[in-house]
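Number of protein chains: 2
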Amino acid sequence: MMKMEVAPPKVLKQPLVIPQRVLMGPGPSNVHPRVLHAMSHNVLGHMNQETFQIMDEIKEGIRYLFQTKNDLTLATSATGHSGMEAILCNLIEPGDKVLVAVNGLWGTRAADMAERYGGVVTEMTVKLGKNFTFDVIESFLSKVRPKLLFIVQGETSTGVFQPIEGLGKICHRYDCLLAVDLVATVGGVPFFMDKWEVDAAYTAVQKILSVPTGLAIMSFSPKAQKVIFDRKIPPKVFFWDMRILGQQWKCYDKPRIYHHTVSSSLLSALRESLAMLAEEGLENVIKRHEICYERLAKGLQDLGLKFFVEEEKDRLITVTSLIVRDEFDHKEFLDFCMKKYSLEIGTGLLGQTGGGKLLRVGLMGYNATLETVEFTLKVMKEAKDHAETKSSSKL
Amino acid sequence: MMKMEVAPPKVLKQPLVIPQRVLMGPGPSNVHPRVLHAMSHNVLGHMNQETFQIMDEIKEGIRYLFQTKNDLTLATSATGHSGMEAILCNLIEPGDKVLVAVNGLWGTRAADMAERYGGVVTEMTVKLGKNFTFDVIESFLSKVRPKLLFIVQGETSTGVFQPIEGLGKICHRYDCLLAVDLVATVGGVPFFMDKWEVDAAYTAVQKILSVPTGLAIMSFSPKAQKVIFDRKIPPKVFFWDMRILGQQWKCYDKPRIYHHTVSSSLLSALRESLAMLAEEGLENVIKRHEICYERLAKGLQDLGLKFFVEEEKDRLITVTSLIVRDEFDHKEFLDFCMKKYSLEIGTGLLGQTGGGKLLRVGLMGYNATLETVEFTLKVMKEAKDHAETKSSSKL
Chain A
1 MMKMEVAPPK
11 VLKQPLVIPQ
21 RVLMGPGPSN
31 VHPRVLHAMS
41 HNVLGHMNQE
51 TFQIMDEIKE
61 GIRYLFQTKN
71 DLTLATSATG
81 HSGMEAILCN
91 LIEPGDKVLV
101 AVNGLWGTRA
111 ADMAERYGGV
121 VTEMTVKLGK
131 NFTFDVIESF
141 LSKVRPKLLF
151 IVQGETSTGV
161 FQPIEGLGKI
171 CHRYDCLLAV
181 DLVATVGGVP
191 FFMDKWEVDA
201 AYTAVQKILS
211 VPTGLAIMSF
221 SPKAQKVIFD
231 RKIPPKVFFW
241 DMRILGQQWK
251 CYDKPRIYHH
261 TVSSSLLSAL
271 RESLAMLAEE
281 GLENVIKRHE
291 ICYERLAKGL
301 QDLGLKFFVE
311 EEKDRLITVT
321 SLIVRDEFDH
331 KEFLDFCMKK
341 YSLEIGTGLL
351 GQTGGGKLLR
361 VGLMGYNATL
371 ETVEFTLKVM
381 KEAKDHAETK
391 SSSKL
Chain B
1 MMKMEVAPPK
11 VLKQPLVIPQ
21 RVLMGPGPSN
31 VHPRVLHAMS
41 HNVLGHMNQE
51 TFQIMDEIKE
61 GIRYLFQTKN
71 DLTLATSATG
81 HSGMEAILCN
91 LIEPGDKVLV
101 AVNGLWGTRA
111 ADMAERYGGV
121 VTEMTVKLGK
131 NFTFDVIESF
141 LSKVRPKLLF
151 IVQGETSTGV
161 FQPIEGLGKI
171 CHRYDCLLAV
181 DLVATVGGVP
191 FFMDKWEVDA
201 AYTAVQKILS
211 VPTGLAIMSF
221 SPKAQKVIFD
231 RKIPPKVFFW
241 DMRILGQQWK
251 CYDKPRIYHH
261 TVSSSLLSAL
271 RESLAMLAEE
281 GLENVIKRHE
291 ICYERLAKGL
301 QDLGLKFFVE
311 EEKDRLITVT
321 SLIVRDEFDH
331 KEFLDFCMKK
341 YSLEIGTGLL
351 GQTGGGKLLR
361 VGLMGYNATL
371 ETVEFTLKVM
381 KEAKDHAETK
391 SSSKL
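If you're matching them up, the sequences are chains A and B in order.
Just so we're aligned: 112 in UniProt numbering is position 112 of the first sequence, and the numbers increase by one with no gaps anywhere.
Just so we're aligned: 207 in UniProt numbering is position 207 of the second sequence, and the numbers increase by one with no gaps anywhere.
Isolated chain A (complex conformation) (with noise of 0.2 Å):
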């Protein structure tokens, strides 16, 4: 018998344990049961005609919750980042100007990605908390003159969200393609891919749609099609090229080919995730998470919460960001819902807030109940009831 190096982890001698949770922070949120479900089928081949309709019934699903009839539809076998890294690599060639609007966490990484496929990123900054208005976005187009413009329609860092419908038409008129960043917002919030003329979108699955991380879902315009398929170099990155894996998702007129070997588990749960939207309606599932935040924004006014993001217009309605500073201890807050109710409320990704911390809490999916939301309100009372008792001891 074969001498072992390296013995058996004992670590791995003990059971799996996995305790429930209710996910209300910036996501993931919780999974449907017919979500779950769907995963817990057999693996089919990823040459199996099955899967291919799968696969084609998900185009049909993106097509339908981003509101396009674009071909170049599918998803990439990675988290959500593959999505921002996937249009970016595509659309970029080095040298290509790139305007970045950062006002958080998510434009400072497209910045970051866009210079590593060589792109001349020019950062288009604003106060944390506060959205770009469309006059300073087409002064940057006018100055800038960029090939592309990436923008966040829902900040999770800080919670403001940005207003899109309008910007499409803006940059056509600077020949700019307009990326736009999908993550925390579509299906939560109204969003018309062909009508706002945007060129290249994405998001992640486990945001709003409720499924297990694992997939990003993204769809590109023809006009950011053409520029890929006019590219003078390949793009960098073999795994998000889109000229093949088109083909591999059947975008183009051509056979299928092989480009990777897809999750017949994980394409069959996000199958699921948008057979129930379209079940339900897009305008409905969009209506159900603006009643149950209007739920949330009341009853956390009600408890005498600081909204992070001042201006009412300008807040997320899927990620809601509260500042706390003095008044109670964060990190016992935030303790108290994850060990007495088990219940993950988010804190802050940015240490730029001005002194204090951030609470983020979301509202998204498979959550987005007003049950839900009962559940969570009375448990940060009592956190934060909590959390009080405990700063004005230590005083």
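What the hints contain is simulated information worked out from the structure, not anything from laboratory work.
Any given hint could turn out to be false.
No copy is singled out in the list; a pair is fine if it fits within one copy or between any two copies.
To be verified - When the alpha-carbon atoms are kept at most 20 Å apart in a straight line, the in silico PhoX-like pairs for lysine-lysine are as follows:
| # | residue 1 | residue 2 |
| --- | --- | --- |
| 1 | LYS147 | LYS390 |
| 2 | LYS143 | LYS250 |
| 3 | LYS3 | LYS195 |
| 4 | LYS97 | LYS195 |
| 5 | LYS130 | LYS147 |
| 6 | LYS10 | LYS69 |
Assemble chain B onto chain A, guided by the hints.
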């Protein structure tokens, strides 16, 4: 109520139907019920303590599977291809000389990726169905003097096994890093990362580990890790950047940071697969593959099928390739297996087999049992009889 531009797709109103399959192609393999069950739990947050614990346990499991003590050992949240791409992306800087062993699809892919990352690639080729002798490799090392050699232990596109033991020492004499693709091999055939002085290695999870695809696992030697940290420019891809990703996985002596949202569902599945490996014992799992292969190989020979790889010692036991010329109709054979018995046998990915067509029989992980082998042989006999009748009736 908001007016929708794209209606809910009718195809999503039909139920999801996933047929039961026996997947005896070159991957994916069937998934153990314990692994499927692990994915049926609710989702955890990516910053939850339980998720960190699962990640730590997975690192130990990978170290056991790869027989290594490397610090930089982790999973990327994308399918198997991401392992190949992450290794090349991190180890290659523009202008670096890279030697790629090409005797099938995977070498070809690696050469393509290495070029995209700016590598100056030399392809070392051999006739399809053959592997590389150490003499040939050494002559290339001494002529090319590459920074990195990329080679595949099991070339699934042709069913060729490549010996690796001893190669690390040769590479290091020429100051060259050794990267090995283990996608179809580790766990099914012996591999000792540290003892064999391999600098970078990766595998997919949907083959011998029998986990639904969506993760790639990999490990880097201290020498490779140093190369990554000494880079002059950052890796092109943020998603594969081991300097940041390794910190999320707590591979360095630094606090954990957020890089991307890992999937607790897929990680739980992988954790369970690695736990089963630890329970059965790596040497026993390898032995099980050997025993099943002996039975399979004898059965295929008795059926009068022709091995594509001529030399017995060069045959990969986890993927057996058979060449069909005009003995029978290759498509009739495959269709019969799939339609009558829901058995998937793989076909060839390559067009250059010298006229014939390939059948590829996988023997991996959960499917490496005598029961499944006997079933496969029985169906293949029937399929061959059927396809021969069809072929002769066409005469």
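Practice task
Of all the hints given earlier, name the ones this structure violates by number, lowest first.
Solution key: 1, 2, 4 and 5
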